[in-house]
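These protein sequence lines are chains A and B, in that order. Residue numbering for the first sequence follows the UniProt record's numbering, beginning at 1 and increasing consecutively. Residue numbering for the second sequence follows the UniProt record's numbering, beginning at 1 and increasing consecutively.
Heads up, some of the hints might be wrong.
Pairs count within a copy or across copies, as identical chains cannot be separated in the list.
[Said to hold, decoys possible] The calculated lysine to aspartate or glutamate pairs, modelled on DMTMM-like cross-linking and capped at a C-alpha distance of 20 Å, are:
1) Lys-110 / Asp-55
2) Lys-26 / Glu-231
3) Lys-26 / Asp-166
4) Lys-221 / Glu-72
5) Lys-26 / Asp-49
Worth flagging that the hints you see were computed from the coordinates, not collected in a lab.
Each chain is listed here by its residues.
Protein chains: 2
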Amino acid sequence: MCPNNPVLTHHISSQFNEELQDVNTKFMSMGGLVEQQVANAIHALLEMDATMSVDVQFKDNAVNQLEREIDEALTLILARRHPAAIDLRMVIAMSKANTDLERIGDEAAKIARIAQSLSEEGGSPRGYMETRHIGNQVRIMIHDALDAFARLDAEQALRVLHADADIDREYQSATRTLMTYMMEDPRQITRVINVLWVLRSLERVGDHARNISEQVIYMVKGFDARHTRIEEIEQKVQR
Amino acid sequence: MCPNNPVLTHHISSQFNEELQDVNTKFMSMGGLVEQQVANAIHALLEMDATMSVDVQFKDNAVNQLEREIDEALTLILARRHPAAIDLRMVIAMSKANTDLERIGDEAAKIARIAQSLSEEGGSPRGYMETRHIGNQVRIMIHDALDAFARLDAEQALRVLHADADIDREYQSATRTLMTYMMEDPRQITRVINVLWVLRSLERVGDHARNISEQVIYMVKGFDARHTRIEEIEQKVQR
């Protein structure tokens, strides 16, 4: 796992190295798992696959378990190793990003619950195209944010921030379309609102991928990129 | 601020004491601010007070600024002081709870934006009673969670977890009522959906207050209460 990550190879204590490697590996597995959970939840919704929607809800337990294990490992590293400089920033960034990964898992489970009830009701008359499109984009965002984390790539993290701005616009537009449709055919309100909740969840997933990317920038560049205009972040990253 | 907090008075280094005191004071101010932001956002919605809704959105900047300052102070404490045992748990709990406070601030700003657009449209025909009721409850939850944090009171934190379970039920019930209303009077869909988003935000605020309470239990009792059945937490807290 990430053999070129310079943070994970520079320690004098090989024990420290190993501990940081282990938690990093676990963090990356958790990232892979939640990425898959989002993909499966969207698949379950689009294909009305009730079995898969149950499976996603069940697997959220594994995500939760990983969150606990990662935080426990990070606490032990803080207590025993007193990391400094980029090591400390990596521990802090991983602790924050761990919360975001778990929340992405929660959103995937929510989408899967809605997929299950929609498949029992025979699906929604609208909103699948929007779900597929925004769903694909946020999956790519999660993937890119994790890749940026693994490779300590602040430029890639920056691209995720840009992608999140696109998602927000597309989410607004999809919401307006679905609201217009509900007014035209009020009998479908319940089912279409379910799709609105899914889109909202996907938009939240995009926000979490952005948060993870902000942590990558903090880890690599040492500055707090939260609540900062993207042009300002750009200048600092590319300096 | 919290003169009886035993964590903040037991250190041999008075410098360390002071740093932990300072960040704790800042954390409590941030808590007070976001509690007020939620109260004001609800007030702005219920009273159609456009000025207040603008004010809440503006003040979110102050919340964001506090989030950055608190995380920066916590990182310095980790780097310089190498806290252990309950000190370390307090730093970690504050770092996690800091994120939750900032997200509560985000939800308050979202509610304020909706309040602003609803007041321009002349308000919603329904949903104010539900908003007032759930809004009051989540405000109390934030207050109780912060109080539990300040007093290291795991039993009080446990009461917040119970309150969150109530909120989730009431949120489900309010959502069903509003959906039924929309089907009866589809011309009001846009405005009623705005109230649905507000209720959703309030439900999220309740989740964040629960997260903060879980961190209190972790800090005081040393076990990770996340993703755990409430009966099991109860047993461990009351042991």
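For this structure, which hints from the list above don't hold up?
The structure breaks hints 2, 3 and 5; every other hint is satisfied.
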